[in-house]
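Chemist: Each chain, written out:
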Amino acid sequence: MTLHAKTAQLQDRASAPLTLYNVTWPGPLHLVDIVLTGGESALSPAKGQFMTCARMQVDDTERGLYASSRSGSTCHYLAAENRWSITIPDGHSDDQIREDLVDFLNLALTESWRRLGWVPLHAASITSDTSCALLCATAGGGKSTLTASMIRRGWKTLGDDKLLLRKDKSGDVEVAALLHNFNLHPRTRDWFPEVGDLTGLPPYSPWTEKRKVTIESIWPDSTATSSRPTHLIEVARRPDARGLKLAPLPHSSVLPLLMRQTVIPGHPAWAGQIMATLAATAAGLKGWRLEIGDDAYEREEHLAGLEELLQ
Amino acid sequence: MSVTLGNDKKLALSPNVVVTPLGEGALLLHLDSKFFYSINQPGWSILQLLEAGTTPQDILSKCTEWGASENDQATIESYLSELVGNELVGDFGSKETGQPAAFSGNWESPTIERHDEPLERIVTSAFDPSVPLAE
Numbered sequence: 076m077t078l079h080a081k082t083a084q085l086q087d088r089a090s091a092p093l094t095l096y097n098v099t100w101p102g103p104l105h106l107v108d109i110v111l112t113g114g115e116s117a118l119s120p121a122k123g124q125f126m127t128c129a130r131m132q133v134d135d136t137e138r139g140l141y142a143s144s145r146s147g148s149t150c151h152y153l154a155a156e157n158r159w160s161i162t163i164p165d166g167h168s169d170d171q172i173r174e175d176l177v178d179f180l181n182l183a184l185t186e187s188w189r190r191l192g193w194v195p196l197h198a199a200s201i202t203s204d205t206s207c208a209l210l211c212a213t214a215g216g217g218k219s220t221l222t223a224s225m226i227r228r229g230w231k232t233l234g235d236d237k238l239l240l241r242k243d244k245s246g247d248v249e250v251a252a253l254l255h256n257f258n259l260h261p262r263t264r265d266w267f268p269e270v271g272d273l274t275g276l277p278p279y280s281p282w283t284e285k286r287k288v289t290i291e292s293i294w295p296d297s298t299a300t301s302s303r304p305t306h307l308i309e310v311a312r313r314p315d316a317r318g319l320k321l322a323p324l325p326h327s328s329v330l331p332l333l334m335r336q337t338v339i340p341g342h343p344a345w346a347g348q349i350m351a352t353l354a355a356t357a358a359g360l361k362g363w364r365l366e367i368g369d370d371a372y373e374r375e376e377h378l379a380g381l382e383e384l385l386q
Numbered sequence: 056m057s058v059t060l061g062n063d064k065k066l067a068l069s070p071n072v073v074v075t076p077l078g079e080g081a082l083l084l085h086l087d088s089k090f091f092y093s094i095n096q097p098g099w100s101i102l103q104l105l106e107a108g109t110t111p112q113d114i115l116s117k118c119t120e121w122g123a124s125e126n127d128q129a130t131i132e133s134y135l136s137e138l139v140g141n142e143l144v145g146d147f148g149s150k151e152t153g154q155p156a157a158f159s160g161n162w163e164s165p166t167i168e169r170h171d172e173p174l175e176r177i178v179t180s181a182f183d184p185s186v187p188l189a190e
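Residue numbers (the numbering used here), protein chains in the order written: chain A, 76 to 386; chain B, 56 to 190.
Derived from the structure by calculation, the hints contain no laboratory data. Please note that the accuracy of each hint is not assured.
Said to hold, decoys possible - Below, simulated DSS-like cross-link-like pairs (lysine-lysine); rule was C-alpha separation at most 30 Å, straight line:
| hint | chain 1 | residue 1 | chain 2 | residue 2 |
| --- | --- | --- | --- | --- |
| 1 | B | LYS150 | A | LYS242 |
| 2 | B | LYS150 | B | LYS89 |
| 3 | A | LYS122 | B | LYS150 |
| 4 | B | LYS117 | B | LYS150 |
| 5 | B | LYS65 | A | LYS242 |
| 6 | A | LYS287 | A | LYS320 |
| 7 | B | LYS64 | B | LYS117 |
| 8 | A | LYS244 | B | LYS64 |
| 9 | B | LYS64 | B | LYS89 |
| 10 | B | LYS89 | A | LYS122 |
| 11 | A | LYS81 | A | LYS287 |
| 12 | B | LYS150 | B | LYS65 |
| 13 | A | LYS361 | B | LYS89 |
| 14 | A | LYS122 | A | LYS81 |
| 15 | B | LYS117 | B | LYS65 |
| 16 | A | LYS361 | A | LYS242 |
| 17 | B | LYS150 | B | LYS64 |
| 18 | A | LYS285 | A | LYS244 |
Next up, chain B with everything else stripped away, as it sits in the complex (with noise of 0.2 Å):
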């Protein structure tokens, strides 16, 4: 599914994902799909935009404020798409977010990357995630 930044249509954070911070970044996990993606710097600024909730023509204007050119649109607009494809962000509604949505440093394109192998969806008991053995 592809987003495009002219879009007024409000996006927010899926309430099934967990956001966790790890280095400059962020790590998602999606309760459902038990998928789990890294997102870097930027991608983690965008995100919190999202968290509570906004739209992606409001994104861009962001995005340029924290140094982003017309030519990192595109890779903008890709991020938001793999976002809602993933099922991560979509029309879930806006919620009271902690601190604003801060980027400090160069901007660079953001990036999303998905973990190969899921979590396990079935695990053998509450103490042991592993996939449960043959009976």
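Isolated chain A (complex conformation) (with noise of 0.2 Å):
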């Protein structure tokens, strides 16, 4: 990705979110690139028809997406010469360029990896010799913690939030790692001393308590960048509960857990693409719930069954 930006200061609020795709990618490389300048922005706000997020419309129009964000920020990819023009408008604030920033990054990475094939899963993921489970939960609902319990027990992961899948020439679905930090809350130190002491770290955003931290500084060797899924398990915290309880999920319900697990866009033709990658992954995934009690951690018996099942 090539960043041309008018000022030093939008150059920095670009990269920043950029270096956490820490992961190196083994290729092929599709060159990514974008334009950022300041001043007035002249177009008019986006109706969102391709996407609607919280704070940023697209619209797919004849040159090429067009996303607008609520702070009157815009972006435009003009297929043609596959470049992304974002324009800021001055005055801004630091969090408003920051926010709008990420949203308009996220959305030319998720639109590049789709035009290469891959399907943005929002997910984390534990992988060993034999087989590859993608753990799906809402915000705050333990993909993280539980994520870490298992690297403790000798699994990898690829990370526990956003990950790529694809179908290749075979039929045979992969899925591969970008990240690889983790977004840990503080007190996961309860459970996993060699965590530290994270309060120290600034919170990765106004909303949450969780610190980012790169997995290997705590759990040395214990990332993997690519695997064959085998397993998708729908993570719960189940705060009266005891111990983890884990139940079959029909396999009806497996397409529908990761229809959830990504941004389907309003267009028909890269909504079949991402659907006909799911739905193949889906064909070949065994479905669990598992359900998180406050006391899972606290006794390593708790994880025994989980690990019997995805062996």
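Given two chains presented individually in distinct reference frames, assemble the corresponding complex, making use of the accompanying hints.
Modeler: In structure tokens, the structure reads:
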């Protein structure tokens, strides 16, 4: 990805979120050109027919994707030139600039991955020599802590939040890592002392207590870059329950659960490609629902059942 | 909205519906409403006729060819009414399709089941399909 910004401030703001993608991509590489400018944006707000996010609306236009933010910033993908042009109005606060850039860069990245045949998946993953589980949960649902607990038992991870899926030429499904960072709550230390005191680190967003840490800095040799998914686990925290409770997920629920882990744009061709990849993935997955009680990580044997099921 | 099998008005699949074969049936995702639907094998065969565009009359005769009896007419009518009522099918014009509709095995009633929870219409970000947190 090449970034050309009008000011050093914009260049820094745009570079920061991109450095989080710390997994070295094996290739093939696809050049994405991003141009950032300031000034007034003369374009009208997008309607959101392609995608509606919390702070951003996206339309599919004749020239390419066009996005506008709640704060008035705009982003235009010029498909013919494979260039993203982002305009941030002068006078925006640092927070507004950061939020807009994160949204637009996420859009540019996900669109580029889709063009290469990958489906962005909002999930965690743990893998061993023989199996690979995709862990799905809502925000704060326990994906990171469960992933960390399995790393401590010798498993590796592809990440706790952002993954890519694709069906290769032979029809096999591959899951790939993008970030080898964890978003951990400081109280994770209560269960896993090696995490150390995280309270000195800044929260990674204003909406959470979690801190961003590199996985290998806590658990060396615990990351993987790709795998073949074999299991799908719907993770739910159950403060009123004890230990871990496992129940099989009906096969008919596997594809709908995968669908809820990815953004499906309102564009029939892209949506069709995403659905085909998800259906191929779902066909080979065994689904389980896992309820995590508050004491789940206090005793190692609680995880043995899960490990046995995944082997 | 109900559909009668005697009708010769052409119906077709909405261009905003994505169909994904799943097992012997298929899953339909409506990109506007974000609702998704599971259909069984006969339902999928009928839907393949609708991908190219066809009339209820022609659907009935094809279903009869596939093994449907007179007693099945009400369920076929009800299935088509569900498709039209949920705006999955309507007056959308015909299009080229890859392969002709087919059905094999013993005929049973076509079914469509709408999943209770649609996908989120407003997502957190281009990478995160969950409901945005309150700011």
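Chemist: All hints are to be evaluated individually against the structure, with a verdict given for each.
Modeler: Comparing the hints with the structure gives:
Simply put, LYS150 (chain B) and LYS242 (chain A) have alpha-carbon atoms about 27 Å apart, close enough for the 30 Å limit, and the pair holds. Restraint check: the Cα-Cα separation between LYS150 (chain B) and LYS89 (chain B) comes to about 23 Å, which is no more than 30 Å; the hinted pair holds. Of the pairs offered as hints, the one joining LYS122 (chain A) and LYS150 (chain B) holds, with about 28 Å between alpha carbons and a cut-off of 30 Å not exceeded. Between LYS117 (chain B) and LYS150 (chain B), the direct Cα distance comes to roughly 19 Å. Compliance with the 30 Å bound is thereby established for this hinted pair.
For the hint linking LYS65 (chain B) to LYS242 (chain A), the alpha-carbon distance of about 36 Å lies beyond 30 Å, and the restraint is violated. Of the supplied pair hints, the one linking LYS287 (chain A) and LYS320 (chain A) holds, its CA atoms being roughly 28 Å apart against a limit of 30 Å. The hinted pair formed by LYS64 (chain B) and LYS117 (chain B) meets the criterion: a straight-line CA distance of about 16 Å does not exceed 30 Å. Simply put, LYS244 (chain A) and LYS64 (chain B) have alpha-carbon atoms about 42 Å apart, too far for the 30 Å limit, and the pair is violated.
Distance restraint check for LYS64 (chain B) and LYS89 (chain B): the Cα-Cα separation of roughly 27 Å lies within the 30 Å cut-off, and the hinted pair is therefore satisfied. A distance of roughly 17 Å separates the Cα atoms of LYS89 (chain B) and LYS122 (chain A); the hinted pair therefore holds under the 30 Å criterion. Note on LYS81 (chain A) and LYS287 (chain A): the hinted pairing holds, with a Cα-Cα distance of about 29 Å set against a maximum of 30 Å. Of the pairs offered as hints, the one joining LYS150 (chain B) and LYS65 (chain B) holds, with about 12 Å between alpha carbons and a cut-off of 30 Å not exceeded.
Between LYS361 (chain A) and LYS89 (chain B), the direct Cα distance comes to roughly 25 Å. Compliance with the 30 Å bound is thereby established for this hinted pair. The hinted pair formed by LYS122 (chain A) and LYS81 (chain A) meets the criterion: a straight-line CA distance of about 27 Å does not exceed 30 Å. Proposed proximity of LYS117 (chain B) and LYS65 (chain B) is supported: the alpha carbons are some 15 Å apart, at most 30 Å. Distance restraint check for LYS361 (chain A) and LYS242 (chain A): the Cα-Cα separation of roughly 17 Å lies within the 30 Å cut-off, and the hinted pair is therefore satisfied.
This hinted pair checks out: LYS150 (chain B) and LYS64 (chain B) have alpha carbons roughly 16 Å apart, not beyond 30 Å. For the suggested pair LYS285 (chain A) and LYS244 (chain A), the alpha carbons sit about 39 Å apart, so the restraint of at most 30 Å is broken.
Against the hints set out earlier in the document, violations occur for numbers 5, 8 and 18.
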